[in-house]
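For the record, the sequence lines run as chains A and B. Heads up: the first sequence is residues 27 to 508, going by the working numbering. Heads up: the second sequence is residues 27 to 508, going by the working numbering.
Derived from the structure by calculation, the hints contain no laboratory data. Honestly, I wouldn't trust all of these hints.
The list treats identical chains as one, so a pair stands whether inside a single copy or across any two.
Calculated pairs, BS3-like style, for lysine-lysine (alpha carbon to alpha carbon, straight line, at most 27 angstroms) [unchecked claim]:
1. K73 with K198
2. K335 with K73
3. K331 with K73
4. K488 with K384
None of the values given here were measured: they were computed from a predicted structure.
Here's the letter readout for the chains.
There are 2 protein chains.
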Amino acid sequence: MANKASSRLEWRINVPGGTSKVLEPESGAVGKIWVGLKGCMGIIVWKVWRVLENAWHIGVADPRKVIHCIKVGLALSIVSLFYYMRPLYDDFGGNAMWAVMTVVVVFEYTVGATFYKCINRVIATFLAGALGVGIHLVAEQSGDQLKPIILGISVFLFASAATFSRFIPSVKARFDYGAMIFILTFSLVSVSGYRVVELFELAHMRLSTIAIGTSLCILVTMLFCPVWAGCELHHLIHQNMEKLADSLDGCVTEYFKENGSEEDLKKKMQGYKCVLNSKAAEESMANFARWEPTHGRFNFRHPWKQYLKIGASLRNCAYCIETLNSCISSEIQAPPCLRKHFSNKCMKASSYSINVLKELAITIMKMKKSSNIDIKVAEMNFAVEELVDALKSLPTTHFIATTTGEESTKAKAEGVEGSEHPSPIIKVLPLVKVVSLMLEIATRIGGVVNAVKELARLAEFKAAKDGKPKQNQPTDKLVSDH
Amino acid sequence: MANKASSRLEWRINVPGGTSKVLEPESGAVGKIWVGLKGCMGIIVWKVWRVLENAWHIGVADPRKVIHCIKVGLALSIVSLFYYMRPLYDDFGGNAMWAVMTVVVVFEYTVGATFYKCINRVIATFLAGALGVGIHLVAEQSGDQLKPIILGISVFLFASAATFSRFIPSVKARFDYGAMIFILTFSLVSVSGYRVVELFELAHMRLSTIAIGTSLCILVTMLFCPVWAGCELHHLIHQNMEKLADSLDGCVTEYFKENGSEEDLKKKMQGYKCVLNSKAAEESMANFARWEPTHGRFNFRHPWKQYLKIGASLRNCAYCIETLNSCISSEIQAPPCLRKHFSNKCMKASSYSINVLKELAITIMKMKKSSNIDIKVAEMNFAVEELVDALKSLPTTHFIATTTGEESTKAKAEGVEGSEHPSPIIKVLPLVKVVSLMLEIATRIGGVVNAVKELARLAEFKAAKDGKPKQNQPTDKLVSDH
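Isolated chain A (complex conformation) (with noise of 0.2 angstroms):
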């Protein structure tokens, strides 16, 4: 019986980079539970392991998060200084807890949500508090009867009221966190002055501790390497422009190549993936960029909004891409032949459209308007062109021109100039598909390029030296034609 229960239980933990333990099981139930325990902790073991390896990786990959880390770890401690310095202290006594109360829920990764966070809640507690110290003088007026229903319904309507109005998407954006504070200072005030004689003071107390706390903050986020909201925004649209440039080249080389696929191809294809999920990330650095004052590069009334705009054709393009990336694991496939006398035309429409991207992408990192641009996008557009004329001379000039020998009887064995055998179209559906996605990502992309070319105008982007941006070229046109 308990050769068998050996047998049974066998608990075999891999702990990475460890080496593989077997446990030999004790006998009698002492020994199971025993067994048993030590399974468990070897899985909390291995779980906790698993958390600081993926800890260590994330602050390996982004530095400023340890940093961040370490900023959040300093201004705390500044801020105990209030406490343990004597006359300070006496000063505000236990409404110090006010300052640390505040660096612990405003302190934020960037720069722009700890500033939407500081200026939310100053305004709101000095608005409350005033709301808050009104509503009680007009409930002291009433007699002690009807003070507490006063406050009571007062709280019942404001709190109702600022929840709702969380609820509206243009308040949410803005002041969320303004809405919550207001209920919270607002409910803090008149229930505890129903107490507390001294009302003002307590008001100007907390204001004081979080005008502390707030600057803390803010110098403390703005002094050492500062994160900024606008500037991850920035990079975000310009990584992800370089990553849709890289899928759509992946994509294309991995269609018209010979061999097999490796394995950097396949993750430069991927890329189009955090193009399709950078929605939220893209709204709300927009919503936080605007908080921030001019640094860098950078006013203070850049046009976000526009790099959303910008975002969502990237978005669109990402769109195309993906359906692009289905059709290569197509199992249908088109004929060789036919799929050499289109990879060539292929290749250089998709190395036009990069080309374009990444003019884009330079536009933006530098922030100065392309000289080139236009040139860049006519190239491509004429490279759609002569894709288009590929595609419509296909089933009679070209197509036999460049089929040879056993290739070419094939071909017409199976169709191609319509016999009676079953139609090419099915066999060159693929192909098809790839060319007229093809046609529909440039299109595409020059919807971005108008969306960088506003946001050139709007930011009021500088030429590039090499030469003047030339605008208003028919070549715009061409873009939005097909």
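Fit chain B to the given chain A structure using the hints.
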């Protein structure tokens, strides 16, 4: 001069629902200021009016949001009673503030979110409090000189570590709020411990007031019209499925119909955009749903993660429909005769695909295994096969058979049968694109079918009453084969 100014300054304010007013300026600087002020006031009134109108629409569209606001007001009013009742106040003193604060920050729209915050807050407060008291005891043993240093360093270390943990995705998804409360409580305890001797009593007070606040929140959120995150997610997925079906229907109808498009058809076609944009909402709801206790038809361990997979497969379809949608607005269109030829086949394939989507939507809504999903999938596959066959025989038999008289001559002149004229490929390109997208959409619907079947297995859906579900039919394979 005054005349000139009056002709320049003419403020026209459009109040929605009101009449358009022309404000006549008065002469002189005072007049200008007055006019300016009136203009500003007008703009402010108009903006406030817009916000109110917006709020009204939000309230009418989803009355549960209004109920949520009333619930917040109610919870706050109840917790305020603790202040007004003298015996309770004498017990808790100033600490009753924590109960109010807890209600304000913890009360969320869905039950799941409220549970998430409550549980995080209670556990984090307990852990941080215990740790804070422990470190405080250690510091006390080390003498007055070392004490602030030990406390300061511990605040720095624990705050940094907890802040970093918020960057780890698995921690962020479940314990983000808890990490913040941990930092808050730990800082407050270790800092205030420097002054307050009765640390244990303080900790006890804080814990009990937080317990009062959280239990009140949980009671109010669960007893009065609860909004379950799980139900919301369930409905969102169901709705998105229906929207996708409608979009597909709208796109195909719009493409093949002969008259101009109607307004409501266009609106219907845009449904896929909701599917594209609902990733963030789905993820947050799934995060909150797993904190919810058993409710209605959902267990505590309902497979919410599977809903995310269904959502992803729906988005997969939506990408294709997005591309399909762009085909409709394409300027180059296939010859009418060809479109007519494919119209029936395509409409059939799309209507069967829509049937499958609608059946899946019903499966999800009723939470019962569908008895005829396999039949519907088989029908869809059959229609898709027919479409492929139609494509195969396009330039030879079918096309000639369906084109008559003038159309046939026209088609011949256009080189459909491989004459020297421009090839048919470019002419049929948009049509071929639509057809190939239809095929791709059918494949991706197969992915949705599999995801829903997996959900039915994991959540142990019961069989529908009108028959037994037929599993493992060859139809499944057909879907994934395309």
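Taking the numbered hints from earlier one at a time, note which ones the structure violates and give those numbers from smallest to largest. none
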